[in-house]
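> As given, the protein sequences belong to chains A and B, one line each in that order. Just so you know, this note's numbering puts 105 at position 105 of the first sequence, and the rest follows in order with no gaps. All you need for this note's numbering is the position in the second sequence, starting with 1, plus 1000.
These are calculated hints, taken from the structure and not from any lab test. None of these values were measured; they are calculated from a predicted model. Heads up, some of the hints might be wrong.
One side only, chain B facing chain A, incomplete, derived with CB under 8 Å [unchecked claim]:
#1 Ala1203
#2 Ser1205
#3 His1257
#4 Thr1261
#5 Ala1264
#6 Ser1268
#7 Gly1269
#8 Leu1275
#9 Thr1279
#10 Arg1296
#11 Glu1298
#12 Leu1300
Simulated restraints, written as ranges between beta carbons of each label pair [what the hints assert, rightly or not]:
#13 A:Arg215 x B:Leu1290: 47 to 57 Å
#14 A:Arg72 x B:Asp1221: 27 to 37 Å
#15 B:Leu1245 x A:Ser139: 44 to 54 Å
Looking from chain A toward chain B, a few residues come up when the C-beta cut is under 8 Å (computed) [what the hints assert, rightly or not]:
#16 Glu9
#17 Lys45
#18 Ala81
For each residue, glycine too, the CB sits at the ideal point set by N, CA and C.
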Amino acid sequence: MRILVVEDEVRLAENLKAGIESVPSFVVDVSHDGEDGQHLALTEKYDAIVLDLMLPGIDGLSILRTIRDSGRDTPVLILTARNTTEDVIRGLDFGSDDYLGKPFEMGELLARIKALVRRSFHQTDPVLRVADLTIDTRSHVVSRADKSFPLPALEYRLLEYLGMRAGQVVSKEELLEHLYDYNWEKFSNVIEVYVSKLRSRIDRGHATQLIHTIRGQGYVLAESWEGQ
Amino acid sequence: MSLGGRLALIAFAVQAVLLTALATVIYGATRNALYDSFDKSLVANAESLASLVDPEEEHDDEDEEAEVELAEEIMGDRFSRQWEPDLFAVYIDGDDLLAKAPRLADVPAFVAEHKGHVGFFGDDHEGLDYRAIVLATFRLPEDDPTRPRPITVYYSASTGELAKQLRSLGMAMGALCLLCVVVSGFLSLLVAHMGLAPLRRLAGSIALIHEHRLRRRLETDGLQPELLPIARSVNSLLGRVERALETERRFSADAAHELRTPVATLKSGIQAALLNPATAGGAKEMYERLLLDVDRLEGLCDALLLVTKSADEIPPAIPAEDWIAEIEAAVTAIRTGSEAGNATFVLEISRKHMPGEPVRSDAVTTYRIAANLAGNALRHGGSDVRVRVSVTFDDIHARLVVEDDGPGIAPDDAANLFKRFFRVESSRARSDGGYGLGLSICKTLAKTQGGNVRFEPNTPRGSRFVWLAAIGGNDAPAEPAGAESAKQIAFGASGLSIP
C-alpha cells in the first residue's frame, strides 16, 4: 500500500515515514509543502493520504477540497495540531475520512491508516482469507493450511494488495503504482520476479494454485479463476 | 462607616442643627412676644394707676389712702404698697433711700436715674421674677406742708407665671425638637438606604462579572445619571482587562498549540524507533523512559490549552448521568493502573436528588478532575492505600469526594496544595513526581465552570478532596465555577503528578 504523507515539519515527516513503513504493508512518499503534496495527490495513486493542515503554499483543507473535486476518493487522514471539535468537524465536512490530533500515538495512527485502507478495499475483517490462505493485516502473519511462514516486506506488501483485491485482476502497472514509493526505480520485470517468488512460497506443494497470471492483464489472487 | 451611614449622619447633623436653630428662634420670638404683651399690659395698668396721681395736687393721707384703694380696685391682687410679694415700693426722702426691695440691689440707682419717668428697669429679665415700672413721683405732705416729702411709687408685677409658661413652652419645644431629631435621623438613614439602592444594584451587576465572563458589560440604559460615569468607567476597565487577558490567553494557547508539533515530532520519533526491530535492549528501555517524559509534556500542553480556553469555548454542561459516567471511566482507568499494587478502590454513587438539570462541567474536565484526584490518592496514599470515591447530589451541587487512608497532607503543605508547581516532599522524591500543576489545574477548571475543589483532612487519617460542581446550565450563577486512550494522552501515560 502506498501512503502519501504531506507534512511540512521535516523531522516529523521523517518519523512518520519510519513509523508507517515499520508496517510491511506500507510504503511512504513524503511531501513538505502544499503545492508539491497536492501535485502528488492528484498525479500518483495512493491508498491513503496523511495530511497536515497548516502547510506552506496551499493549506491542507484546500488540498483536500481539490482532491475531492477531482473525483478521487483516496482515503485522507488529517493529522494536525488543530484538533478542537470545530476543527475536526470542518475537516470531516471538507471530505476527510479521519482526523487525528497532534501529538498522537503512533500505534493509533497506524491502526487508523490500516482501517482506512481496509475500508477503501471494502474489507471489514483485518484477516484476509482466500481459500485456506490467511493474511493477518494486524500481525502481518501469512499462513496457508494452518501453516504460517514469514514473508519479506515487499512480498508481503504484494500479497496483501492482491489479498485486498482478491478475485480481481490487478495489472502490473497498478502493482507498481501501489507497492513502490516515488523514489524507487521501477523495472518492468520486477513484479514478475516478486510474483514468482511469492508463488513459490504460497502455492508450492499445494494442489490449489491461488495466484493466477492473466496473460496481458495482470494477476489474480483467488481460489479459482474462471477466466483463465 | 459605610457610605450610606455617612450620608445619613451628615443629613442627620444638618437637620439637627437646623431644627435646634429653628426651635431657638421660635422660642426666642415667642418669649419676646409674651414679654412684650406682658409689658404692654404692665404699662397699661401702670398708666391707669399713674393717671390717678396728680403730682401737683397736695395729698394728704386720706387722699393717698383713697388713691391706693382706687389703685387696688383697678389692679386687684396685683397691687399693694410695699414688701408684698407682687409689689414693692421704695420710699425716697430726697436723696436718702429709706427702704429697698430685698432682691433688687440696683433699684436705688435706677430710681435716681429715672425718677419722674415711666419706664422699665430690669431689661435683662434673667434672674428677675418680676417686672416693675416707675409710676410717678409725687409729694406727700408732712407735718410741714412747705416741705413735702417726695415719694416715688413703683408698680411691679410678678413674671413667675410667665416664666413658668415659658419653661413649659421650652420643655415642650425641646421634646418636640428631640423627637424631630430622632425621626429625622431615622428618615435620613431610610433615605440614604433608598438613595443608595441603585448603587447596590450596580455593585451586584459588577459582582456577577468574573474572570471567566469578562465579555459581560454593565447595562447603562435607564441608569441614573449619577451612576452613568461609574458604569462607563467599569465597562471601559473591563474592556481593557479583557483585551489584556485575551492577549495573554492567546499567547499561552498559541504557545501550547505550537508545542504540539515538536512534541509530536519527538514522540513519533521515539515511537518509530521503538517500532524498529533493530532497537532493542538498553536503547529500547531508554526510548520507553523518554516516551514517559514526552507523555508528560503532552499532558502539560493539553492542560495548558484547556485552562487557556476562553469562556466562549467552554463546552456546555453535561447531563448528570454523563457526569457520573465520566467519573466512573476515570476511576476505572486509575483502578486498572493500580492493580499491580495492593491498593483498593471503592466507588459509591448515590443518585438520590440527582438533578434533571445538567452539571456544569464538560466531559473532558470531569474525567480530568476525577482521574486527577483518584490518581493523587493512589500515588500518595501508599502501596496498600484504600481509596473511596463517592458521588452525591444536592439541590445546587454535584459532589465528588475522593478520600484515602494514606499518610495525609501535612498542615503546612495543605495551605499550598492548590498553588502551581507546589509538590509535597513525598512527590519531590519520586522520579515520576510531575510538575505540581495537577491540583492547580483541577481547581482552575472547576472554578471556570462555577464549581470548586477543596482539601480536607480525612479522619482518622488520610486526605479528602471534594469537588463541588454547580447544577444548571452555563448561565446559572456560579458558587459565592472519549476513549480511554485519548484521555490518557491528556494526562500522559503516567498521569500528571499531583500535587
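> Taking each numbered hint in turn, which are not upheld by the structure, reported in ascending numerical order?
1, 2, 9, 10, 12, 14, 17
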